[in-house]
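Trainee: On the provided structure of chain A, position chains B, C and D with the ligands as indicated by the hints.
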Amino acid sequence: MQESDVHTQVAPSDASTGANGVAGNGGDPLFESVEQPIDPSSGTMIVFERVTKIYEPNVSALNDVSFAIDKGEFVFVVGASGSGKSTMIRLLLKELEPTSGRVVVGGRDLTRLKRSRVPLLRRNVGCVFQDFKLLPNRTAGGNIAYALKVQGESKASIRRNVPEVLSLVGLSDKTGSLPEELSGGEQQRVSIARAVVNHPPLLICDEPTGNLDPDTSVGIMQLLYRINRAGTTILMVTHDREMVDKMRKRVIALEDGRLARDERRGGYTSE
Amino acid sequence: MQESDVHTQVAPSDASTGANGVAGNGGDPLFESVEQPIDPSSGTMIVFERVTKIYEPNVSALNDVSFAIDKGEFVFVVGASGSGKSTMIRLLLKELEPTSGRVVVGGRDLTRLKRSRVPLLRRNVGCVFQDFKLLPNRTAGGNIAYALKVQGESKASIRRNVPEVLSLVGLSDKTGSLPEELSGGEQQRVSIARAVVNHPPLLICDEPTGNLDPDTSVGIMQLLYRINRAGTTILMVTHDREMVDKMRKRVIALEDGRLARDERRGGYTSE
Amino acid sequence: MRIKLLFSESFRSLAANVSTTVAATMTVLIGMFLLGLFIALGSWAQDFGETQKEKLLVKVYFCTEDTCAKAATPAQINAVRQQLASSRLVDEVTFVSKAEALDRMRRQTPQLVENLSSNPLPDAFEVKARDGADVKLVSASLRQPTKPPGVEEIKDGDEVSDQVVNVARVLTLAFLVATIVLLVSSALLIANTIRLSIFSRRREIEVMKLVGATNWFVRGPFMLEGLICGVVGSVIAIVMLLLAKEAALPAITNRLSTSSDIQAWPFVYVSAIILVVGITVGAVGSGLTIRRFLNV
Amino acid sequence: MRIKLLFSESFRSLAANVSTTVAATMTVLIGMFLLGLFIALGSWAQDFGETQKEKLLVKVYFCTEDTCAKAATPAQINAVRQQLASSRLVDEVTFVSKAEALDRMRRQTPQLVENLSSNPLPDAFEVKARDGADVKLVSASLRQPTKPPGVEEIKDGDEVSDQVVNVARVLTLAFLVATIVLLVSSALLIANTIRLSIFSRRREIEVMKLVGATNWFVRGPFMLEGLICGVVGSVIAIVMLLLAKEAALPAITNRLSTSSDIQAWPFVYVSAIILVVGITVGAVGSGLTIRRFLNV
Ligand SMILES: Nc1ncnc2c1ncn2[C@@H]1O[C@H](COP(=O)(O)OP(=O)(O)OP(=O)(O)O)[C@@H](O)[C@H]1O
Ligand SMILES: Nc1ncnc2c1ncn2[C@@H]1O[C@H](COP(=O)(O)OP(=O)(O)OP(=O)(O)O)[C@@H](O)[C@H]1O
Ligand SMILES: [Mg+2]
Ligand SMILES: [Mg+2]
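Chains as they are written, first to last, in our numbering: chain A, 1 to 271; chain B, 272 to 542; chain C, 543 to 838; chain D, 839 to 1134.
Please keep in mind that the hints were generated in silico from the structure rather than gathered at the bench. Note that the Cβ used here is the ideal one computed from N, Cα and C, for glycine as well. Be aware that one or more of the hints could be misleading.
Derived Cβ-Cβ restraints for the label pairs, each shown as a range [stated by the list, open to error]:
| id | chain 1 | residue 1 | chain 2 | residue 2 | range |
| --- | --- | --- | --- | --- | --- |
| 1 | B | R388 | D | S846 | 23 to 31 Å |
| 2 | C | R745 | D | M1078 | 30 to 38 Å |
| 3 | D | A937 | C | T636 | 52 to 60 Å |
| 4 | A | I54 | B | S387 | 46 to 54 Å |
| 5 | A | D64 | B | S443 | 24 to 32 Å |
| 6 | C | Q625 | D | K974 | 28 to 36 Å |
| 7 | C | A682 | D | S924 | 34 to 42 Å |
| 8 | A | E95 | D | R1130 | 52 to 60 Å |
| 9 | B | K385 | A | D64 | 56 to 64 Å |
| 10 | A | K114 | D | S846 | 45 to 53 Å |
| 11 | B | D335 | A | P163 | 27 to 35 Å |
| 12 | B | K385 | D | L1081 | 48 to 56 Å |
So here's chain A without its partners, still in its complex pose (with noise of 0.2 Å):
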């Protein structure tokens, strides 16, 4: 029943943007929403340089990687099992540091970013989690909330923001679940929501689908579409072949840790 909603929820095309709070405002107006730790002035929202991970003692996740992503783009990251995506995430949150290269988010370099600063960071980088990290004891409403929350947002934004974003993934009637009473398929959802509910001005999904019967993940995907056409820049890891071919949006393909393919207009397999 709750796939209904997702359907007429998002279904109803991408000419009704500015109808709903995540994807409402037009032109870029999700940077004025939080404190700016990401540079708005500059064109870039992403760089990897020449970045390097090995995991001690001898696993090399990413191997001399280099790209540049640009404010507002949608990007595919592709990949065996493996090759070193969920690593590339863990860069971009400073939850890792590179063993060599240089990353920069919204034109902060991340190795030189101050402990204190990554709070900052975090709040400005919505994250769907490939094992969806939702706090195990607060409810689905609570995981978002929490979100909210830690940026400081007033009780009453929060009463309305949390089942806004809950109703836009379809789990109006899951507010009061915890985690454990969820299936799959809903807490990747509640994760989803809670990474686009403070309207982050770079959004990073780790396999936001994984989980996800077709149908559903057609209404995730519009839902992303419309945020990132509202100025949000996407960054996603997927396996879903047929998603990734008929979008023909920017694909960054990995294997075994190094840049094999940066393609404008790519699909999931080189042609």
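Mentor: Same frame as chain A, but now just chains B, C and D with the ligands:
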């Protein structure tokens, strides 16, 4: 690099059945290798008889579901997110009790199975969990070894079987890695390896390829196909439309907890 | 982090982690109960020791207008002091003036002193014998051949052997050591429990950090939780001690018929110590522990 | 579950969960250290009390061939018994025969008794005064006008006031209560810690059950882990107590010059108690706790 392993080892077609431990012994040998709570004389492996599962207080996850699966079948279970697929699996493992109705596995009525016989049941039902359920303090190899230890396998047999099954899923070089040191797809493959290592007569997979790239998925599917051809009954929950449509196996579709479709040689969506 | 949010987050978390909350509170409770018990016993033992030592003193009271015809003169007092000082048996002589005596009395039994118009107490010497066994000899030597002029009364120390005083001394020491050991042990135990309970939630902390919580936003509720456990545990311990006191003390005092003048520390002091220790270990323990998990 | 597997699984798990292992072991350590301390102090206090009570006794030793010309006759002994029994001051009279006296001595100082060819000890009465203060009067009444015939010596009780005996009695009681409280507290604390440490691994237990582990296959290693923590903690506690004893006891005994005859329980007893309690709580605590999580 581990990808190539999968391909070279799994791809060599189904003719090579018998060449390795998992799909090894031809006929129905899987029954002999373990103690027997599952009745081999009956031709039916699973019976769901008007099963209803209501999570307290009021979430109806399964609603009057009835079907039967014969031994040796390969069955896909499809359905939207939250439609009750994982709940069905939890019933099969007696992790949950049905609110009403009867679940029979291998001729045993699970609702009447004694608590002390449950471990025996679970050793005979290999299961790939949607969230992997690996022991966080054990390495990939240790996790698989544990599944063998619980049924009193000898040290020698463990030392032989673990590397074999790990190489089958392309993770030979990750034997000593803890789950948190593995990528999402690698964890999923460890979970698969653990499920198949003791050659259970029934194998249940809850989205075993949700975190895998298409190539690795195909490798895993071929592995499962071979195991099925060797006599193992396989019940597989999946969202992979392409795979279901290509394999043309029996498809059971759930919709909001109800059995919506049960086709002998079905596709992902009804035609 | 606003105060209200801090509190609501803490209580939410306490409720959600009943198991660890109960464990931590119970540890505080037990630790503080033991600590309180031993502070009380220890201070009682100390007072017992003091009282025993007191009993070894020979007291020489001088005349006042009330007791003899006229008060003792400074010369008379000095003569006694010299006699005592020259004695081989005497260890130490302390002069306690009327005023000092009244002060002491005021401290011990204020209600008696309140209604006095003048000071009826005499000047006095407190004489400590070099050896507890010689107390009798000291007083006898003063009395022989007659009481010195100006002396109204000579009070012997009780017949308390040196050994008893020594026992009292060792007892005091033992309880002091026991109390310190318990203080340290309680602190360690409580910190230990808090460490465990936070350890079991380290994944949660990791996730909080990953969605952009600052260190203090994560740490605040944990510290408040620790503090609340500390307060609740301590308060229950105090209540239990109070009950134990009310139930057990009469029985004990009956047995020790003559020693009702021996006092443990006032219960409020003990309670205060318990509360402060409980709270400090609770809050600081949480705060320090969580630091270890915050470097995500 | 085979023994070797059980052990290897337990050690694997101990190593993998260093944090909780250390916490549990430390809790056992602290609990058992306190317990040992108080058993020792308590038994010392009890012995102190006995010794004090002993001192209140008047002892009447009868003649033997060695001490007087000839041994006291049964008639003489009976006469003294009657005289004592008729006295208002006397509470209780106990006859201690030569043989009994030797037995007692053998127990207290075996090395002395070993080399004796015959029993040199006299028959004796132990006379308890109705009131501690009357001890002197009792012995005096026996001596006046002269020692009864057949009596070789009358030994007074020491000059110990009733109060001291009472103090000793209360002390014994206090330490007994303290030891019991500590025993219960330690058990609760250790169980608590184990509960927490298993609680933090409940997901792990769930997974073990889901891959077909029997209850005992899951529980065995946990119980062995608890047992190992119990043993290690207890042994460290015993070592610490031993050190404390070696370091502190001489200092205390020096102060209590006359009371070297007062003995705490032998250290081996205390150690045994500690070990048994530590192990039991460790293993049983784990076993019981884990039951709660096994109903998956
Ligand atoms: N423990 C629980 N308590 C309450 N409700 C639950 C519980 N577990 C699952 N549910 C609910 O039951 C429904 C079916 O859940 P189930 O996990 O079976 O779905 P699923 O088909 O596996 O979905 P997915 O494809 O997303 O994994 C969902 O709506 C879910 O929210
Ligand atoms: N903490 C770690 N310690 C050691 N090795 C690690 C660690 N985390 C990841 N790895 C290894 O690094 C490689 C890349 O991991 P990563 O998680 O980035 O892969 P991925 O591209 O996300 O794969 P998947 O699609 O399966 O999620 C893998 O081989 C993995 O085993
Ligand atoms: Mg990944
Ligand atoms: Mg599911």
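Trainee: Run through the hints listed earlier and report the numbers of any the structure violates, in increasing order.
Mentor: Hint check: 8 fails alone, others pass.
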